[in-house]
Amino acid sequence: MATVILVRHGRTTANTAGVLAGRTAGVRLDDTGAAQAARTAERLAAVPLAAVVTSPLERCRQTARAILRAQDGTPATATERGITECDYGAWQGRSLRELAKEPLWKTVQTQPSAAAFPDGESMAAMQARSVAAVRRLDALYEAEHGAGAVWVAVSHGDIIKSVLADALGMHLDLFQRLQVDPASVSIVRYTATRPYVLATNTHAGDLSWLKPPAKPARRRKKADDAAVGGGAGPGAPA
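Take 183 as the starting number for the sequence shown in the working numbering and just add one per residue.
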């Protein structure tokens, strides 16, 4: 049961300007975003990461570098196009205030599964490729590092919301109910039975409970099943 920590990049100049950056080159973290990335890296320092995977866009690569600097070990690194930002097409680079006047805006808000950006991709395609990438990488790192492997995917707000919606069994049309802030941490553990969403949109708190045990616990029967009554939480005997 590998675990993926989904980290959104820190705040950018486009975020503060109210512009839909999309895949625009050269969009970087502002001073606040760099500080946010550093704080998130401090939280993750307690967890020996098997890998840090990032969207190819600069703001995510900056955030990933902060995470890597805080690690004692040397996690594997990779760039993954499957978790890059949505291709917003003709919407890219325009102000959110202006886009809110477009008829498509209402569809994006209320029925995203039917939304396709002009000269870009549909939100359904965005979810399909991002979920496929995360699930594929999760299986890879579990095979390479064992069931206790923990890895990080540094990505974008809509991408992380899409992955969380899938893990929660939510229809894409409900994904706007989820909030994913800059440099926030969300956590999903995939198992043969189902995904478990361990945290969403967190900004603070101890993450050392994600550290794999020094000696793997004896695997209990039905280990992938949900504990009736809620269980004893992290660190309980297996």
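Hints in this document: simulated from the structure, not taken from any laboratory.
The reader is advised that the hints may include incorrect statements.
To be verified - Label-pair ranges, simulated between beta-carbon atoms: (1) GLU303 x GLY255: 17 to 25 angstroms; (2) GLY200 x ASP254: 37 to 45 angstroms; (3) SER390 x ARG243: 52 to 60 angstroms; (4) ALA321 x LEU356: 21 to 29 angstroms; (5) ARG359 x ALA217: 27 to 35 angstroms; (6) ARG276 x ASP213: 33 to 41 angstroms; (7) ALA321 x ALA207: 18 to 26 angstroms; (8) SER390 x GLN291: 25 to 33 angstroms; (9) THR214 x ARG276: 30 to 38 angstroms; (10) ASP355 x HIS385: 23 to 31 angstroms; (11) THR198 x THR375: 18 to 26 angstroms.
These numbers were taken from a predicted model, which means no experiment stands behind them.
Quick reminder that beta carbons are idealized off the backbone N, C-alpha and C, glycines included.
Results for each hint:
At about 36 angstroms, the beta-carbon gap between GLU303 and GLY255 misses the expected band of 17 to 25 angstroms. Between GLY200 and ASP254 the CB atoms are about 39 angstroms apart, so this pair conforms to the stated range of 37 to 45 angstroms. Range check, SER390 to ARG243: Cβ separation about 26 angstroms, and the 52 to 60 angstroms hint is violated. The given range of 21 to 29 angstroms is respected by ALA321 and LEU356, whose C-beta atoms sit roughly 26 angstroms from each other.
Between ARG359 and ALA217 the beta carbon distance is about 28 angstroms. The supplied range of 27 to 35 angstroms therefore holds. Between ARG276 and ASP213 the beta carbon distance is about 25 angstroms. The supplied range of 33 to 41 angstroms is therefore violated. Range check, ALA321 to ALA207: about 32 angstroms between beta-carbon atoms, so the 18 to 26 angstroms window is missed. At about 38 angstroms, the beta-carbon gap between SER390 and GLN291 misses the expected band of 25 to 33 angstroms.
Hint check: THR214 to ARG276, Cβ distance near 23 angstroms, so the stated range 30 to 38 angstroms is violated. At roughly 27 angstroms, the beta carbons of ASP355 and HIS385 sit within the given window of 23 to 31 angstroms. In this structure the supplied range 18 to 26 angstroms is violated for THR198 paired with THR375, their Cβ-Cβ distance being about 42 angstroms.
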